[in-house]
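> For the sequence shown, our numbering begins at 36 and goes up steadily by one.
To be clear, the hints were calculated from the coordinates, so they are not data collected in a lab.
Incorrect hints may appear among the rest.
Now the in silico label distances, taken between C-beta atoms and shown as ranges [to be verified]:
id, residue 1, residue 2, range
1, THR64, LEU43, 30 to 36 angstroms
2, HIS66, LEU86, 17 to 23 angstroms
3, SER94, ALA51, 17 to 23 angstroms
4, LEU43, GLU68, 18 to 24 angstroms
The beta-carbon is built from N, C-alpha and C at its ideal position, and this holds for glycine as well.
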Amino acid sequence: MTQHDPALLSAALAGAERALNQTIALTPTSHQELEALSGTLLGIDITSLDLTLYIDIISGAEIALLAHCERRPDAFVRGT
Numbered sequence: 036m037t038q039h040d041p042a043l044l045s046a047a048l049a050g051a052e053r054a055l056n057q058t059i060a061l062t063p064t065s066h067q068e069l070e071a072l073s074g075t076l077l078g079i080d081i082t083s084l085d086l087t088l089y090i091d092i093i094s095g096a097e098i099a100l101l102a103h104c105e106r107r108p109d110a111f112v113r114g115t
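Work the whole structure out from these sequences, hints included.
Here you go:
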C-alpha cells in the first residue's frame, strides 16, 4: 500500500479544484449540463498510484475534489 502525504494531497486537490471551478465559471454553456448532475458523486480509483479520489458535483457551477468521502459514489471508474 502506498502512503500519500495528506497535506500534499490536500494541497494538490485544492489547486485542481480551484482550476476546474474557474474553468467551469468561464464556460457558462456547461452549467446546464452540470446542473443536471448536481448531487452526483463520482469515484475515481487510480490503481497504479493506489489512490482513490472523488468528484462531488455540487451545482452547475461548482465541483469539489475529495480524497475521502463517506457517501457511496453514484458511479465509479477504475484504471491505471
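> If a hint holds in the structure, say so; if it does not, say that too.
Results for each hint:
The hinted window of 30 to 36 angstroms between THR64 and LEU43 holds, with their beta carbons roughly 34 angstroms apart. Our hint of 17 to 23 angstroms for HIS66 and LEU86 is violated, since their Cβ atoms are close to 29 angstroms apart. About 18 angstroms separates the C-beta atoms of SER94 and ALA51, a value consistent with the hinted range of 17 to 23 angstroms. For LEU43 and GLU68, the Cβ-Cβ distance of about 32 angstroms falls outside the hinted range of 18 to 24 angstroms, so the restraint is violated.
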